[in-house]
Amino acid sequence: MKKIPMRKCLATNESLPKNELLRIVRTPEGEVKVDTTGKLNGKGAYVKKSLDALKILKDKKLLNKALEVDVTDDVYKEIENIINK
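Just add 1 to wherever you are in the sequence shown, counting from 1, and you've got the numbering used here.
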């Protein structure tokens with residue numbers, strides 16, 4: 002039986018299978034990117050693929066704290082577009 006990797010959502014604090022979460026990464030160059038492959042190099046944070054989680058993340062500025070960088074609205078728009086697909 003194969004082990005399913007679990008990660009904790011930054012917004013909801015739920016432990017979920019890694020494939021149900023989005024990974025947001027601060028690259029070594031300081032850019033913030035949405036990592037759809039799960040393999041980008043850098044400091045990462047996981048977020049549940051739901052608009053409620055995105056709202057919590059944005060309102061409380063949790064990504065700014067977790068990635069230790071200012072996250073632009075463009076990143077939040079990109080996350081929202083991926084969730085709505």
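It should be emphasised that the hints constitute simulated quantities derived from the structure, not laboratory data.
Heads up, the beta-carbon is just placed ideally off N, CA and C, and yes, glycines get one too.
Take these hints with a grain of salt, some might be off.
Cross-link-like lysine-lysine pairs, in silico, BS3-like; alpha carbons within 30 Å at most [claimed, not checked]: (1) 40 x 19; (2) 3 x 44; (3) 56 x 44; (4) 59 x 44; (5) 9 x 50; (6) 9 x 44; (7) 62 x 44; (8) 62 x 86; (9) 19 x 62; (10) 50 x 19; (11) 9 x 40; (12) 3 x 59; (13) 59 x 9; (14) 3 x 61; (15) 66 x 40; (16) 62 x 34; (17) 56 x 86; (18) 56 x 3; (19) 66 x 56; (20) 78 x 61; (21) 56 x 34; (22) 9 x 62; (23) 78 x 9; (24) 4 x 34; (25) 9 x 34; (26) 78 x 50; (27) 34 x 44; (28) 61 x 44; (29) 3 x 19; (30) 50 x 40.
Simulated restraints, written as ranges between beta carbons of each label pair [to be verified]: (31) 53 x 5: 34 to 42 Å; (32) 2 x 41: 24 to 32 Å; (33) 13 x 44: 15 to 23 Å; (34) 53 x 74: 15 to 23 Å; (35) 65 x 3: 29 to 37 Å.
Margin query: For residue 34 and residue 44, compute the direct alpha-carbon distance and say whether it is at most 30 Å.
Written below: 11 Å, holds
Note to self: Please verify whether residue 4 and residue 34 have alpha carbons no more than 30 Å apart.
What the structure shows: 27 Å, holds
Check: Do the Cβ positions of residue 65 and residue 3 conform to the proposed distance bound of 29 to 37 Å?
Finding: 35 Å, holds
Note to self: Does residue 34 sit within 30 Å of residue 56, going by the straight-line distance between their CA atoms?
What the structure shows: 18 Å, holds
Notebook entry, point to check: Given the hint that residue 3 pairs with residue 44, does the C-alpha gap stay at or below 30 Å?
Noted result: Holds, because 26 Å separates the two Cα atoms, which is no more than 30 Å.
Notebook entry, point to check: Do the alpha carbons of residue 3 and residue 59 lie within 30 Å of each other, as the hint requires?
Noted result: Violated - the C-alpha atoms of residue 59 and residue 3 are around 35 Å apart, more than 30 Å.
Next item on the list: Assess, step by step, whether the Cα of residue 56 is no farther than 30 Å from the Cα of residue 3, and give holds or violated.
Entry: Violated, at roughly 33 Å.
Checklist line | 30 Å limit on alpha-carbon distance, applied to hinted pair residue 61 and residue 44 | finding: 19 Å, holds
Check: Quick one, are residue 59 and residue 9 close enough, alpha carbons at most 30 Å?
Finding: 17 Å, holds
Check: Taking 30 Å as the top limit, are the C-alpha atoms of residue 62 and residue 34 close enough?
Finding: With Cα atoms ~16 Å apart, residue 62 and residue 34 stay inside 30 Å; holds.
Notebook entry, point to check: Holds or violated: are the alpha carbons of residue 9 and residue 62 at most 30 Å from each other?
Noted result: Holds, because 17 Å separates the two Cα atoms, which is no more than 30 Å.
Next item on the list: Assess, step by step, whether the Cα of residue 40 is no farther than 30 Å from the Cα of residue 19, and give holds or violated.
Entry: Cα-Cα ~12 Å, so holds.
Hint check: violations occur at hints 12, 14, 18, 31; the rest are consistent with the structure.
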